[in-house]
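Assemble the whole structure, with the sequences as input and the hints as a guide.
One-letter residues, chain by chain:
There are 2 protein chains.
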Amino acid sequence: MKRAMYFLDQKDMPTKWYNVLADMPEPMPPYFHPGTKKPLGPEDLAPLFPMELIKQEVSTERWIEIPEEVQDVYRTYRPTVLHRAYRLEKALDTPAKIFYKYEGTSQAGSHKPNTAIPQAYYNKKEGIKRIATETGAGQWGSALAMGCAFFGIELKVYMVRISYDQKPYRRILMETWGARCIPSPSKDTKAGRDMLEKWPDCPGSLGLAISEAVEDAMTRDDTHYSLGSVLNHVLLHQTIIGEETRKQMEMADAYPDIIVGCVGGGSNFAGQFLPWIRDKFSGKKKDLRIVCVEPESCPTMTRGVYAYDFGDTAGMAPIAKMHTLGHSFVPAPIHAGGLRYHGMAPIISKLYDLGLIDAVAVHQTAIFEAGVKFARTEGIIAGPEPCHALKVAIDEALKCKESGEAKTILIALSGHGHFDLSAYDAYLSGKLQDFALPDKEIKKALTELPEIPEG
Amino acid sequence: MKRAMYFLDQKDMPTKWYNVLADMPEPMPPYFHPGTKKPLGPEDLAPLFPMELIKQEVSTERWIEIPEEVQDVYRTYRPTVLHRAYRLEKALDTPAKIFYKYEGTSQAGSHKPNTAIPQAYYNKKEGIKRIATETGAGQWGSALAMGCAFFGIELKVYMVRISYDQKPYRRILMETWGARCIPSPSKDTKAGRDMLEKWPDCPGSLGLAISEAVEDAMTRDDTHYSLGSVLNHVLLHQTIIGEETRKQMEMADAYPDIIVGCVGGGSNFAGQFLPWIRDKFSGKKKDLRIVCVEPESCPTMTRGVYAYDFGDTAGMAPIAKMHTLGHSFVPAPIHAGGLRYHGMAPIISKLYDLGLIDAVAVHQTAIFEAGVKFARTEGIIAGPEPCHALKVAIDEALKCKESGEAKTILIALSGHGHFDLSAYDAYLSGKLQDFALPDKEIKKALTELPEIPEG
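From first to last, the protein sequence lines stand for chains A and B.
So the first sequence is residues 1177 to 1631, counted in this note's numbering.
So the second sequence is residues 1177 to 1631, counted in this note's numbering.
Heads up, none of these hints are tricks.
Now the stretches of chain A that chain B is said to cover, found in silico as 3 or more residues with beta-carbon under 8 angstroms:
#1 1177 to 1186
#2 1321 to 1332
#3 1351 to 1364
#4 1555 to 1564
#5 1596 to 1606
Label-pair restraints from in silico Cβ distances:
#6 B:K1301 - A:E1578: 28 to 38 angstroms
#7 A:R1238 - B:D1610: 50 to 60 angstroms
#8 B:K1460 - A:R1356: 46 to 56 angstroms
#9 A:K1231 - B:D1341: 46 to 56 angstroms
Rather than coming from a laboratory, the hints here were simulated on the basis of the structure.
Using N, Cα and C, we set each Cβ at its ideal position, and we do this for glycine too.
Following this line, the structure appears as structure tokens:
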């Protein structure tokens, strides 16, 4: 019998998150205040986040206990399954061993609940009654809606208007879990009203939606703000993925030579690879390859710079040192909405700058070709984001076919594509477009980086 | 630690389907030919089905080996998980223990692949190159598309035109898995052309789509037909669900007092309860309650008759003795498309006629109320069909709260509702409609039952 799925019993579910800040070869650069340009302190973040998360953001403790109440909720969908892709291997006729850890079986269909749940929990514990957040295509908003439903917190989601109009399904998800979701720009904030006055038909943007959510949280005592990627504490919560995978790979008597994942803000892939990179730090597995895959339309790592930049487009969020295309960069409208972010998680940026991880950029036609091959062999319809990982994993497996090497490839498969079928339709009907990105467009956005006196 | 998910290792996955025909208290009534009205023989079915399935349809062997090749494919998504619904129990404040076996993690999102895969396999083994089938909302068509992709069989799906136009997502799923899906009525068959000539804008019906698929299969030597519910061999394949659940309930040190599931054709719920009903036959658990839940708009069991009737609306499919509302009965357009079938699986009908199982009918507003409660406690957005089971399971748990009994309730949760969110939207916005069904409508359809000389 060939075991194609590795289940981990709930009694063996990891009870601690792994904090890579304990093991980073160099300390992380500090955050700066977007207004004052001074180093950011806990007091700057207190109106937005619960103190426990602010502490986690800078903690250098190696292991952080997952609260019992969070473990309880994790156990409604975790541990997720590690799959061996026998059928894909056979179709590729490769000696490579391909594994994928699949987060699409969470109720929200992606890895996002791994951080939505603890964020809701810590807010609840601090007496917060209400959270405001923004969402683009709706993956984060829906995961947080579920997290808030579980802990009895009211949630208001500012959803970019064009997505709100074009993608009603994720809005309905949020409402089913009890959240209120309104199109941004809205009349509920000053930022929204100002924009609507200037441009009544404004389609919205993630940057503006962030501004609205932050303003909402800043102006109400009972309300906090919540972010679904990029920040250290978000990556920390996602390490449950890799910690589980380590145990499951051991069950499979396997160890990865290559780990592949897609990166937007970076939290999904960091959640998988951070628990492995410590073996690279320690020298246990020096030649471990970690490959970040990003869209050619938003090549933060492969074509961006490592510099201080605002976390949001509007220049209201903290300034972080990260790989960035410039906060004013607007990526082409590719279907992988979750990868359309101008920056990259500071932790991933630092590791990339240190040469410890690789990055590659791919076009969307190629990623859907990989997605369809995956669907026809393994069955799963992956989201456009993880299709980026599939594309590069398949390329690596085909290299193994040529070289005859039986490498072990581990894929971070972050979610399903059930709400992205129109993208598959576009691909199958030959209507999918690739977007060239001239150097001058990147250069232009990079002229607008903030200046940090201390940076 | 409260274990909320029970995983079954793949080495413990059942290797045999359970055939209830070996243990039925009375023999099953035979099928009759729709044209000649004579008992149906294997030769009548040979142009449509592979011989192995025709044998399974009438076999009285208690255990039927699952072919290795089918087990291999099952292992891409099975065993599925048994959940303990701690959070729902707490929200209901009930002493009842609630479990649910969830089939929504299959790649197609429902239990349908459990039969699609062996059907594709047996056809492949008999040298069949191509299959034709029909689909209403698209659940069966998409599952069979995946099954056919896995075994390299060409598939053509005749999809009821109104669903084809209104629900493009399931069509895209089928195409992603490589099937061809066209709206019915089509110009590709005589049945379709005749209809289009009379009525060019005909929205189609499941009956007509069946006629087109059957004609397609009858007129091509390389092509067979495939059906996704009702028939004995389909129920047989689904028993993998209940066989797994038995092992998982043992892991949980629990045994159900009540098993609840929704019924359309009946295959999903039969797949769960048939492996348990043998304990009722044998006297080991005489008081086991098995509750079939159907829509008030299509109350086949609670308001239909046990009589011979055509399997399809057009009167071209075999005649079976079953609970039926009459083959010309047209259910109201409720959102649970998978439950809009005029008849019921002959095995379920027989067991109900013998008084061994119960049935209850519910309205759609009530089932979405239950679905939203489930989403906000357990997280999963269930399909409208299994929301029927949730409604009755919650009612039973609330009865336990009143009586103080700690009954064990097992729910057959057949699939997710990711493609049914517009129905949740209608419920949440107060636009959902319940449909009264006057007796005279049922009476009218029942006047058209076929006469069987031997019946």
